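Participant: Single-letter residue listing:
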Amino acid sequence: MPDTLPAPALPIGHYGYDQVDRAFLADRVEQFRDQVARRIAGTLSEDEFKPLRLMNGLYLQLHAYMLRIAVPYGVLDSRQLRELAHIARTYDRDYGHFTTRQNLQFNWIRLEDTPDILARLADVDMHAIQTSGNCIRNVTCDQFAGAAQDELVDPRVHAEILRQWSTLHPEFTFLPRKFKIAISGSPNDRVAARFHDIGLVAKPAPDGGTQFDVFVGGGMGRTPIVGVHLRDDLPEEDLLAYLEAMVRVYNEYGRRDNIYKARIKILVQALGTEGYRQKVDAEFAAMNRARYRLPPETVAAIRARFGTPDLHAPDDAAAQLDRARRADPVFDRWVRTNTHPHRAPGYISAVISLKPAGGIPGDATSAQMDLVADLADRHAFGEIRVTHMQNLVLGHVRQDELHVVWQALRGAGLASANIGLIGDIIACPGLDYCALANARSIPIAQKLGARFASPELQETIGPIEIKISGCINACGHHHAGHIGILGVDKKGEEYFQLTLGGSPGSDASVGQILGPALPEDATVDAIARLVDAYLVHRAGGERFLDTYRRLGAALFKDAVYATA
Amino acid sequence: MSDVRNNRREAGGSSVITANRLLDGRIVWQVGEAAWSTLIDDARIIPNTQIEAAIAQATARQQEDGLVGVYGVQIESDDATPTPVTVRERIRAFGPTVHPDFTPAAELEAHA
Ligand code: HEM
Ligand code: SF4
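Sequence order for the protein chains is C and G.
Just so we're aligned: 38 in the numbering used here is position 38 of the first sequence, and the numbers increase by one with no gaps anywhere.
Just so we're aligned: 635 in the numbering used here is position 71 of the second sequence, and the numbers increase by one with no gaps anywhere.
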């Protein structure tokens, strides 16, 4: 770029790349272009090429190549979202799929086109690095970061620091297995910190700085485990050193002999919390701490590359929102279910549901992406967040503008009032797309969504999280679902196993298997009976999860299997 | 992509051979030596007694033919046109069930 142009404004909510970052990405694209050319010419075999394409987010799935694009800590700017829409329109089938890891997947990508797609992404400071392989994956974050009223520390600056530390970290490119980190700055865990390899919760330190709660060894997959609390006082300046020590211990002792025992959760269980902590402390004591020290100046320098929104709402913004809610009960319901309190007076965070009744959870068309990008520009400082629940968020919306935002969303089929309710289902791609799947996840989600379409009914049922995975890898978080649904294969046919009582939050728990797996055509009815049983037995304003925890599985078992 | 589940074959049955195209990843079915179609209806049906040899042959030519992940898929014995016995392979053959408009047949028409 000629240096006569004015520096572009920094993006709101995420780190603004500099020329070094851009040059690196440009190189990386050309490197992959060369690798693709060699693969097509046959000088690279599939076995040689596969790890290279995976390092660039390109999987071969059931029907075609799938490209997984990183959305670091779930924050996009409008320019990036428009580029994703453009790619969907030009190179895919006019839609994209937002995932539980806050990324975006395209399902119909051609190998030949991938270098061009990566080049387009690089133009808007995006890539597909850290979306595959046994490295530290794209760090996930609270979708209300920097906005939520209950937040103590905005975790995105630290998420960016972790991104820079972990990207292409030479020691951590070939870990025993993939490694996932989530970070939050709120005591209310919205990132499933306890289900990650490492979960961090930022909070103020007694000295006025920042410190972290550290959870380790959580995970889903074949062996679901709630992470253990390693410490509650990790000082900011030791953040990288301590994480370096944690990952080094894993790299050294984690099992490489058995893929099913390779995650850090297995190591932590094997050593015990104390045993693991001792090894980490020993590593930490022995390492060159100065090299990994994170001084306040560095944090400040990274923070300076984040654009910050200039929050100024008119004094009567809240009053205007109240009036609009009173005038329109449908809007009022949506505000009740799909917004989150903002720290700044006159502002609110709006959740855009990607779960229309009967739709595919997490899918958005190019036109919808463009519309959300436009709304973000007009009403939310050009910033969009992707949630691990597969929805989108406009973080900073003026309360007096919320009605206009909602009307625009409604016109695009994006105003389902179901956040946190039974229609807000997580579903992995399942057998409709995924090469590893046993069963289809999406059709179950669609049927449940249609069955419980009524917003009144959903509000009556109240908070409930249904999560569906098409196989034991648990990409759909079924272990953490209040109701979890797992697809299993019985002689080539689809069956579904139900688990109850999982929770991803601060009260994390792993769901327990209810009984024998059900055939596909019996699963939705069984869940409807479960929900009925809950409605009969709930006390007061209890959530489904509370009723289950209070009364246990027996009555739900009866409800499911009595007539099945 | 090949899958261990596809190696379970009944001795008396028949199979077809499938792969993904290298350039675009799309699913194809073997019609004849070096000839492949996106439609399973066109596929050559091979008795399971001969399938391993046929897979080995197709695998040996895969780079030349622009393919990856060649494997065999058992089909129902009583159908006039090939229908895979597993749900997984039916979805590969007929497209994602959640997008009825994305069947390989519909695609061919769209491009015709
Ligand atoms: C379609 C291609 C995909 C493949 C091949 C794939 C593969 C896997 C595998 C093998 C695991 C288990 C890892 C282990 O236990 O060591 C896993 C876990 C996981 N995947 Fe996927 N996945 C895919 C798509 C997705 C999608 C679309 C999402 C988000 C919706 C996702 C999110 C996750 C999550 C959250 C886990 C659990 C992490 C844990 O075990 O702690 N994956 N995936
Ligand atoms: S849970 Fe299984 S079926 Fe679902 S996306 Fe992950 S690997 Fe595929």
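You may find that some hints are simply not true.
[To be verified] Reference listing, derived: stretches of chain G covered by chain C, where coverage requires no fewer than 3 residues with Cβ under 8 Å from a Cβ of chain C:
(1) 573-581
(2) 604-615
(3) 624-634
[What the hints assert, rightly or not] In silico EDC-like pairs for lysine to aspartate or glutamate, Cα to Cα no more than 16 Å straight-line:
(4) C/K491 to G/E640
(5) C/K491 to C/E520
(6) C/K491 to G/E574
(7) C/K178 to C/D125
(8) C/K50 to G/D606
[Claimed, not checked] If you only want the chain G side, here are some residues facing chain C, beta carbon under 10 Å, derived:
(9) R590
(10) V595
(11) S641
(12) T645
(13) P660
(14) H663
(15) F666
Derived from the structure by calculation, the hints contain no laboratory data.
Only a predicted model underlies this, so the values are computations on that prediction, with no experimental measurement involved.
Glycine included, each C-beta is placed from N, C-alpha and C at the ideal position.
Participant: State for each hint whether it applies.
Facilitator: Status of each hint after checking the structure:
For the segment 573-581 of chain G, the proposed coverage by chain C is not satisfied: 0 residues have a C-beta within less than 8 Å of a C-beta in that chain, short of the threshold of three. Evaluation of the coverage hint for the segment 604-615 of chain G: breached, as 0 residues show C-beta separations to chain C shorter than 8 Å, against a requirement of three. Under the rule that three or more residues need a Cβ within less than 8 Å of chain C, the assignment of the segment 624-634 of chain G holds, with 3 such residues. In summary, the hint linking C/K491 to G/E640 is supported, as the alpha carbons are separated by about 14 Å, within the 16 Å threshold.
Taking the CA atoms of C/K491 and C/E520, the gap is near 14 Å; set against the 16 Å cutoff, the hint holds. Between C/K491 and G/E574, the direct Cα distance comes to roughly 13 Å. Compliance with the 16 Å bound is thereby established for this hinted pair. For the hint linking C/K178 to C/D125, the alpha-carbon distance of about 24 Å lies beyond 16 Å, and the restraint is violated. Between C/K50 and G/D606 the alpha-carbon distance is near 30 Å, which puts this suggested pair outside the 16 Å criterion.
The interface hint given for G/R590 holds, since its Cβ lies 6 Å from the closest Cβ of chain C, which is under the 10 Å cut-off. Given the 10 Å rule on beta carbons, the hint for G/V595 is violated: about 19 Å separates it from the nearest Cβ of chain C. About 14 Å separates the beta-carbon of G/S641 from the nearest beta-carbon of chain C, more than 10 Å, and the hint is not met. With a cut of 10 Å, the hint placing G/T645 at the interface with chain C is violated, because the nearest CB-to-CB distance is about 19 Å.
Satisfaction of the interface hint for G/P660 is found here, the shortest Cβ-Cβ separation to chain C being roughly 4 Å, below the 10 Å cut-off. Among the interface hints, the one on G/H663 holds; its C-beta lies about 8 Å from the nearest C-beta in chain C, closer than the 10 Å criterion. Taking 10 Å as the C-beta contact cut-off toward chain C, the hint placing G/F666 at the interface holds, the least distance being around 7 Å.
Violated hints, listed in ascending order, are 1, 2, 7, 8, 10, 11 and 12; each of the other numbered hints is respected by the structure.
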